[in-house]
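J.: Quick note, the sequences are listed as chains A and B, same order.
So the number in my numbering is just where the residue sits in the first sequence, counting from 1, plus 790.
So the number in my numbering is just where the residue sits in the second sequence, counting from 1, plus 592.
Since the hints were derived computationally from the structure, they do not count as laboratory data.
Be careful, since some hints might not be right.
Simulated restraints, written as ranges between beta carbons of each label pair [claimed, not checked]:
hint: 1; chain 1: B; residue 1: V642; chain 2: A; residue 2: T844; range: 16 to 22 Å
hint: 2; chain 1: B; residue 1: V610; chain 2: A; residue 2: G866; range: 17 to 23 Å
hint: 3; chain 1: A; residue 1: H841; chain 2: B; residue 2: V599; range: 16 to 22 Å
hint: 4; chain 1: A; residue 1: R808; chain 2: B; residue 2: A617; range: 24 to 30 Å
Sample of chain B residues with no beta-carbon within 12 Å of chain A, all distances over it, derived [stated by the list, open to error]:
hint: 5; residue: V599
hint: 6; residue: V603
hint: 7; residue: V643
hint: 8; residue: I647
Note that the coordinates shown come from a computational prediction; the quantities given were computed from them, not determined experimentally.
C-beta: ideal position from N, C-alpha, C; glycine also.
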Amino acid sequence: MTSALCCVAGLFFLRFWRKTRDRFFAFFATSFLLMALHRMVSLYLRDDNEHLITAYIIRLFSFVLILVAIADKNRGGPRKKEAAPRGMDSAR
Amino acid sequence: MAEAVFVLCAVTSLACAVLLLRGYARNRVPLLLWSSLCFVGLAVNNLLLVVDLIIIPGRDLLVLRNLSGLLSLALLVFGLVWDSE
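Build out the structure end to end from the sequences listed, making use of the hints.
T.: Here it is as structure tokens:
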């Protein structure tokens, strides 16, 4: 179920990326889809401690992607920040 | 090696949570609030993982770990559904 929620979050961010073409959302979408992959891999490797590390490296990579997304966003300057919430604010 | 990856997961998720919360404090974008709440939960999830597998290996925190992960993601998806059209 957590894996499915990760997929849903990933798809939402993918939609935001398609709308705004902001790389920030592409990083988030990839990260959440990787988190879903991590959950599925660790489910299959439940009894295999030796290979469980592979699953957690995927998880680590997904968190690093979020950090890259934030760093990339800050480097891009405040102009790009305006574009990010557009998808959300149009609903208000 | 495994321990290092678990600790790094906890540190990176905590950093994500702090940076996203800082972003929300600056910009007040609802999406950033939901994302940061999710990463606070995921940081708790990873801290529980470190406690469970490294600090107190005898105690089984699997239920709490799964629950914290599920709640964090559920919160984010709720936010995404609630705040978008």
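J.: With reference to the structure, classify each hint as holding or not holding.
T.: Verification of the supplied hints:
1. Distance hint check for B:V642 and A:T844: the Cβ-Cβ separation is about 18 Å, which falls inside the suggested range of 16 to 22 Å.
2. At about 20 Å, the beta-carbon gap between B:V610 and A:G866 stays in the expected band of 17 to 23 Å.
3. Distance hint for A:H841 and B:V599: a CB-CB separation of about 19 Å, consistent with the stated range 16 to 22 Å.
4. Taking the beta carbon of each, A:R808 and B:A617 are about 28 Å apart, inside 24 to 30 Å as hinted.
5. Here B:V599 does not stay apart from chain A, with its beta-carbon only about 10 Å from theirs, under the 12 Å limit.
6. Distance check for B:V603 against chain A: the nearest CB is about 9 Å away, which does not clear 12 Å, and the non-interface claim fails.
7. Every Cβ of chain A is farther than 12 Å from the Cβ of B:V643; the closest lies at roughly 15 Å, confirming the non-interface assignment.
8. The claim that B:I647 is not at the interface with chain A holds, since no C-beta of that chain comes within 12 Å of its own (minimum 16 Å).
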